[in-house]
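K.L.:
Go by the hints and put chain B onto chain A.
Listed in order, the protein sequences are those of chains A and B.
Numbered according to my numbering, the first sequence spans residues 1 to 95.
Numbered according to my numbering, the second sequence spans residues 1 to 95.
Please note that a few of the clues may not be correct.
When chains are identical, the list treats them as one kind, so a pair holds in a single copy or across two.
Result set (BS3-like, lysine-lysine): computed pairs, CA atoms no more than 27 Å apart in a straight line [to be verified]: (1) Lys14 with Lys92; (2) Lys14 with Lys93; (3) Lys84 with Lys67; (4) Lys31 with Lys67; (5) Lys59 with Lys7; (6) Lys84 with Lys31; (7) Lys93 with Lys11; (8) Lys92 with Lys11; (9) Lys59 with Lys37; (10) Lys14 with Lys84; (11) Lys84 with Lys7; (12) Lys93 with Lys21.
In case anyone wonders, no lab produced these hints; they're calculated from the structure.
2 protein chains.
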Amino acid sequence: MINVVAKHFVKEDKVAEFIEKAKKLVECTLKEEGCIKYGLFQDENNPAILTIIEEWENKSALDRHMKTEHFLSIVPVLGALDEKPKEINLYKKVV
Amino acid sequence: MINVVAKHFVKEDKVAEFIEKAKKLVECTLKEEGCIKYGLFQDENNPAILTIIEEWENKSALDRHMKTEHFLSIVPVLGALDEKPKEINLYKKVV
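One chain only, chain A, in its complex shape (with noise of 0.2 Å):
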């Protein structure tokens, strides 16, 4: 198993649009072979913080995501409307 942290601090003008494409992203992932969850998530104190948090079966079902045309078209158009480069971290579960 393998979860992963990303972690986006959007553009304050950008968040509605962040929030309708990542959406579709999530949608289209949620259907994918080895994908435990997937959602995205928004900060309480700062809505420009907008983060998805996942949980995958393994490594493999994570890099078959990454090459989808769904990720492939739509992270980049996320990353557009980033003000500074997201935090992404994948983790191991311990306890």
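P.N.:
Showing chain B alone in chain A's frame:
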């Protein structure tokens, strides 16, 4: 529902101690009413990044958690093992 991501940057020589203490916190917290998920995760590329990812039924459950004996006794100990202040985000799910 409320989600929390608490990202700790732990002193390199304190990683094992952090994990040991955090395991106890996880064990106690999972028994709390209103706790849906509560796990400790280690970054695949930097083992000194240790993150607690949480899911709570509501804000009241999270508030109660922060008053429990295990929270009040263990969280400060974890903080003392950190290299720099932890990053905490409270999230609501968008999709």
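K.L.:
All hints, please: hold or fail.
P.N.:
Right, here's what the structure says about each hint:
1. Lys14 with Lys92: Between. Shortest inter-copy distance 18 Å satisfies the 27 Å Cα cut-off; intra-copy 32 Å does not.
2. Lys14 with Lys93: The answer is between: 18 Å across copies meets 27 Å, while 33 Å in one copy does not.
3. Lys84 with Lys67: Classified as within; 24 Å inside a copy, 36 Å across copies.
4. Lys31 with Lys67: within (14 Å within a copy, 40 Å between copies)
5. Lys59 with Lys7: Cα proximity of Lys59 and Lys7: in one copy and across copies (20 Å, 22 Å).
6. Lys84 with Lys31: neither (30 Å within a copy, 39 Å between copies)
7. Lys93 with Lys11: This pair counts as between: shortest inter-copy Cα distance 19 Å, intra-copy 32 Å.
8. Lys92 with Lys11: Answer is between; shortest inter-copy Cα gap is 19 Å, intra-copy 30 Å.
9. Lys59 with Lys37: Both: 14 Å inside a copy, 22 Å across copies.
10. Lys14 with Lys84: within (13 Å within a copy, 31 Å between copies)
11. Lys84 with Lys7: Both: 11 Å inside a chain and 19 Å across chains, each within 27 Å.
12. Lys93 with Lys21: between (29 Å within a copy, 15 Å between copies)
The structure fails hint 6 only (numbered hints given earlier).
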